[in-house]
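Place chain B on chain A using the hints.
Protein chains in written order, with the working numbering: chain A, 1 to 129; chain B, 1001 to 1358.
Think of the hints as simulated: they come from the structure by calculation, not from any bench.
Here the structure is a predicted model, which means the values were calculated and not measured.
Even for Gly, the Cβ is constructed at its ideal location relative to N, Cα and C.
Check before you lean on any hint, since a few could be wrong.
Claimed, not checked - Below, a list of computed lysine to aspartate or glutamate pairs in the DMTMM-like style, where the Cα atoms sit at most 25 Å apart: (1) 120(A) to 1354(B); (2) 50(A) to 1192(B); (3) 114(A) to 1064(B); (4) 1181(B) to 21(A); (5) 1181(B) to 93(A); (6) 71(A) to 1141(B); (7) 100(A) to 1164(B); (8) 1181(B) to 1197(B); (9) 114(A) to 1267(B); (10) 1266(B) to 36(A); (11) 1273(B) to 35(A); (12) 121(A) to 1141(B); (13) 1292(B) to 1354(B); (14) 1241(B) to 21(A); (15) 50(A) to 1142(B); (16) 39(A) to 1201(B); (17) 1241(B) to 1252(B); (18) 114(A) to 1137(B); (19) 120(A) to 1197(B); (20) 1292(B) to 1252(B); (21) 121(A) to 1355(B); (22) 121(A) to 1063(B); (23) 26(A) to 1247(B); (24) 100(A) to 1354(B); (25) 1044(B) to 1354(B); (26) 121(A) to 1252(B); (27) 100(A) to 1137(B); (28) 120(A) to 1045(B); (29) 1329(B) to 21(A); (30) 120(A) to 1322(B); (31) 1266(B) to 1197(B).
What the hints assert, rightly or not - Covered, in the sense of this in silico footprint (three residues per stretch, anywhere, with C-beta under 8 Å from a C-beta of chain B), are these stretches of chain A: (32) 15-24; (33) 39-52; (34) 60-71; (35) 82-91.
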Amino acid sequence: MSKQSSNDPTDIWRSLISQWEQNVDKFANTMMGTDEFSKSANLATQVQLKIQSAISEQMTKQLSLMNIPSKEDVAQLGLRLQNIDDRMRRMEETLIQLSKHIDPAATSHTKSVKMPPRTKKAPRKQDTD
Amino acid sequence: MAQSTEASRISGQVQTLIERTIQRNIKGLEYIASPAPAVGQTPKEIIHNRGTLNLYHYHPMADEIYRVPILMVMATTNKSYIFDLAPGQSFVEFLLKAGFDVYVMDWNAPRPEEKSLRLTDYVLDFIPDCINRIQRESGVEDVSLIGYCMGGVLSTLYMATHPDSPVTSLACFTTPADWSKMGLFSRWSSEENFDVDRLVDAVGNVPADMIFTSFDMLRPANRQVGRIHLWDNMWNDEFVKSYRMFDRWSNEMLPLAGEYFRETTKELMWQNKMLKNELVINGRHADLKQIKVPAFHAIAEHDHIVPLAASKPLLDLFGSNDKTEMILKGGHVSLIGGPNAVRRLWPALTGWLEERSE
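Isolated chain A, as found in the complex:
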């Protein structure tokens, strides 16, 4: 079954673009699917990481000399805050559990919208036929 050909130049152009895309993707996927490509890409990443690490080390030294906190210092501070956050979350959980003993209808947060009743039933098969 052959496709009806179109003589609309824009359709021909679109078809050429689509063909070009398929060819480029196919070629690139074949090339990038080789072990050589994977090895080269990973080697490039390693080199980039080494450079990044050397710059980061120098930067940390400079920041320390200027008495300015480094990214690692800020991350440590963040970790401490996260620990406090986790403790507070556990305390909140305990409080919710306790409040449920006092008022079983209590929920964890105040709703800003009124929830409709949970009574909806699935349409029966004969209703949809």
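Positioned in the frame of chain A, the structure of chain B alone reads:
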């Protein structure tokens, strides 16, 4: 007579061509000057925030809702507004209008101190924590779980490690099960070529641009051709709006927590432990045969990120007797947000959930 018809057809084509060229120039200027379209506009509340995790509760849109609430788990690489692009093109809105109570687990970029997050945190802490909160919030014991891509993996692993979970049905979209069939990803991250330890030790969290580049390299011509299609369709407001929303979403990738990336690479990509049913998370066997609840899996036939061969075996690994698989035309993203999703996936999934949500 035939000659006059042909002349009138050619004249019509030329006229359309001229009109569209003028429109392209006018709209092209508008495009450059206008801000990116708003996304994720369906009203919601953040009911829980914990570092990288946000739990949203969407406001109901029906007078009466189903008893069982839905929790959707987003992939850790992207923002969840792919579920809620724009009114009329929003899966969340579709579910709300059908009478569901919807919650979504969304992700922020992990902070540097969150580089130590592991699969354990996502599977044994974040998901159960959100389910507990939904139970308290809704006053209902049962929950339906939906996961997209890596969100599907996390949801599956949660179910596999919690045989007594309150989840009564599980739906996954484009979720990989056989990681050896992940195409170029498998090859690039092979144990022989990829030093994941050195990478994670050096960067902490894996940068978003690195993830973006690896996704982009799967279809190198795609972005350029996308721009050509955009120019070609610049006269068409709907096309431009849709293009910009998808483009914004695909560009807005998230970094991945370092240890989570290391673990995923070693345990899933290298050792394929999900397929072998051998994965152990913090001492708990993630036994997929323990997933006995009704399960649904939507697969994209032309998915270049999670190929059909990688996602197809998922349901075979489950112990459930009630399994529904749906293979749809389209790609990884169009499956949940494209025109085919609106016409086929959303109604099919809604019908499946309705019967299991009373």
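* Asked: Would you say the segment 39-52 of chain A counts as covered by chain B, given the rule of at least 3 residues with C-beta under 8 Å?
  -> holds (count 7)
* **8 Å C-beta test of the segment 82-91 of chain A against chain B, three or more residues** => holds (count 3)
* In terms of beta carbon proximity below 8 Å, does the segment 60-71 of chain A have 3 or more residues touching chain B? -> violated (count 1)
* If you draw a straight line from the CA of residue 1181(B) to the CA of residue 1197(B), is it 25 Å or shorter? -> It holds: about 23 Å lies between the C-alpha atoms, which stays within 25 Å.
* Is residue 1266(B) within 25 Å of residue 36(A), Cα to Cα? -> 21 Å, holds
* Asked: Keeping to a limit of 25 Å between CA atoms, is the pair of residue 120(A) and residue 1197(B) held or broken?
  -> 51 Å, violated
* Asked: Under the criterion that the straight-line Cα-Cα distance not exceed 25 Å, is the pair residue 100(A), residue 1354(B) satisfied?
  -> This hinted pair is violated, its Cα atoms lying about 31 Å apart.
* Asked: Taken at face value, is the distance from the CA of residue 93(A) to the CA of residue 1181(B) at most 25 Å?
  -> 42 Å, violated
* Asked: Is the Cα-Cα distance between residue 100(A) and residue 1164(B) 25 Å or less?
  -> The given pair, whose Cα atoms are some 23 Å apart, holds under the 25 Å limit.
* Compare the distance between the alpha carbons of residue 50(A) and residue 1142(B) with 25 Å, and conclude whether the hinted pair is satisfied. => 50 Å, violated
* To do: Measure nothing beyond the straight line between the CA atoms of residue 1241(B) and residue 21(A); if it is 25 Å or shorter, mark the hint as holding.
  => Holds: residue 1241(B) and residue 21(A) sit about 23 Å apart, inside 25 Å.
* To do: Would you check the hint for residue 1044(B) and residue 1354(B), treating anything up to 25 Å between C-alpha atoms as holding?
  => Status holds; Cα separation ~22 Å.
Checked against the numbered hints above, the structure breaks hints 5, 6, 9, 15, 19, 20, 24, 26 and 34 and satisfies the rest.
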